[in-house]
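*Asks:* Order-wise, the sequence lines are chains A and B.
Counted from 1, the first sequence has number 50 at position 50 by our numbering; the numbering is strictly sequential.
Counted from 1, the second sequence has number 1115 at position 115 by our numbering; the numbering is strictly sequential.
One thing to keep in mind: the hints can contain errors.
Per label pair, the in silico range of CB-to-CB distance [unchecked claim]:
{"id": "1", "chain 1": "B", "residue 1": "Met1139", "chain 2": "A", "residue 2": "Gln35", "range": "46 to 52 Å"}
{"id": "2", "chain 1": "A", "residue 1": "Gln35", "chain 2": "B", "residue 2": "Gly1190", "range": "39 to 45 Å"}
{"id": "3", "chain 1": "B", "residue 1": "Asn1078", "chain 2": "A", "residue 2": "Lys62", "range": "16 to 22 Å"}
{"id": "4", "chain 1": "B", "residue 1": "Leu1070", "chain 2": "A", "residue 2": "Glu47", "range": "17 to 23 Å"}
{"id": "5", "chain 1": "B", "residue 1": "Gln1027", "chain 2": "A", "residue 2": "Ala57", "range": "26 to 32 Å"}
{"id": "6", "chain 1": "A", "residue 1": "Glu47", "chain 2": "B", "residue 2": "Val1082", "range": "24 to 30 Å"}
{"id": "7", "chain 1": "A", "residue 1": "Lys60", "chain 2": "B", "residue 2": "Leu1036", "range": "55 to 61 Å"}
{"id": "8", "chain 1": "A", "residue 1": "Glu29", "chain 2": "B", "residue 2": "Val1235", "range": "46 to 52 Å"}
{"id": "9", "chain 1": "B", "residue 1": "Lys1160", "chain 2": "A", "residue 2": "Glu29", "range": "54 to 60 Å"}
{"id": "10", "chain 1": "A", "residue 1": "Glu28", "chain 2": "B", "residue 2": "Glu1092", "range": "50 to 56 Å"}
{"id": "11", "chain 1": "A", "residue 1": "Lys60", "chain 2": "B", "residue 2": "Gly1182", "range": "43 to 49 Å"}
{"id": "12", "chain 1": "A", "residue 1": "Arg8", "chain 2": "B", "residue 2": "Ser1189", "range": "39 to 45 Å"}
{"id": "13", "chain 1": "B", "residue 1": "Leu1230", "chain 2": "A", "residue 2": "Thr12", "range": "52 to 58 Å"}
{"id": "14", "chain 1": "A", "residue 1": "Trp9", "chain 2": "B", "residue 2": "Gly1190", "range": "52 to 58 Å"}
Hints in this document: simulated from the structure, not taken from any laboratory.
Since the model is a prediction, treat every value here as computed from it, not as a measurement.
Built from N, CA and C at the ideal position, the CB exists for glycine as well.
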Amino acid sequence: MQKFSALRWLATLCVLLVCSVSLAQGSEEMEKRYQEKRAKKFVQKIEWVTSLDQAKAISKQKNLPILAYFTRSYAP
Amino acid sequence: MEGGPLLSNWWVKESKKFVPYLNISAQLDDKPDQKLMREYDLRGFPSFVFLDDSGLLLFGREPYWRPDSLLSLGQGLNQVEVLFQLRKMVEENPEDQIARARLTLIEGLLDPSRVDVARMDAAAKVEGVPEELVEEWAMTRIEAKFLSIFEPYRSAYQNKSDDREAKKTAAIEGCYRMWVAGEKLDSTSGTFRPFLVLSFDGALAARDAFIAEDCLALYEELFGAHDRFLKGMKVRLAKMVASAKKVEVGSIGGSGE
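When you get a sec, could you build the whole thing from the sequences and use the hints?
*Replies:* Shown next as structure tokens:
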């Protein structure tokens, strides 16, 4: 009975370990994709602002509208 | 977009006329403004919108707009530049009634659900305001009026507020009054159904069988004879008519005594 309980505990631990490893790998992959997106040619072409608060401050200072472009890096 | 228009010379040149803000959804919490798309109710990629310095969405939500040519970018820019110019004019000269009225109308038309109908009506009457703005307001007015009646009721129910029944009564009365005044929403409007149902309820509450029947006939025509609410509506109307008849008979009987 004790052996069975230890085995069950071990199996749970393994599942948790696999989950956390795959989560870490997943977020590493997401980070890689994000950096790839930021390195794209269109991002380098003009001076994009990447924080809305900063964009608002510049908009106020220069009396210019903000053109917000929403895109994603996690999928093509 | 990223491999074409956003690399073009016209894009680089025109980008001096606005603050380019890039929001990359990365499914990573440490990246900036990850919840912003939801806040603006933007559902598709890519999305382009113009905002002001307070973050107010000025242009581009619906229909979805892409600045994929100089012409298309210009269309968006023209709209928002007028707004920026007017704000500056009003700031520099608060007595400029035409600029103030134009600004009120343009800002109000950006979000008709929050508009002050009386303020917009007054702005539309100012001499010198462009005709197309007045016409646009005339088309939006009924919808805006309905939303100003409907939204407090809807949000009270959504938030389970204590005063939701009072808000419902106010919405019912407001819609009925609109119907009586001939201020009817276009049947193609996305909010026509609640308008019609509330007007019907208002007519029942006012014991106005004529308008209740009118609403019911239109409801059946638009949503079909098999609509799941129709039967209940018919029963309520029949009950109201029957009780009105009873009152009539009772009063005739009473006068004969």
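*Asks:* Mind listing which of the numbered hints don't hold for this structure, in increasing order?
*Replies:* 7, 8, 9, 12
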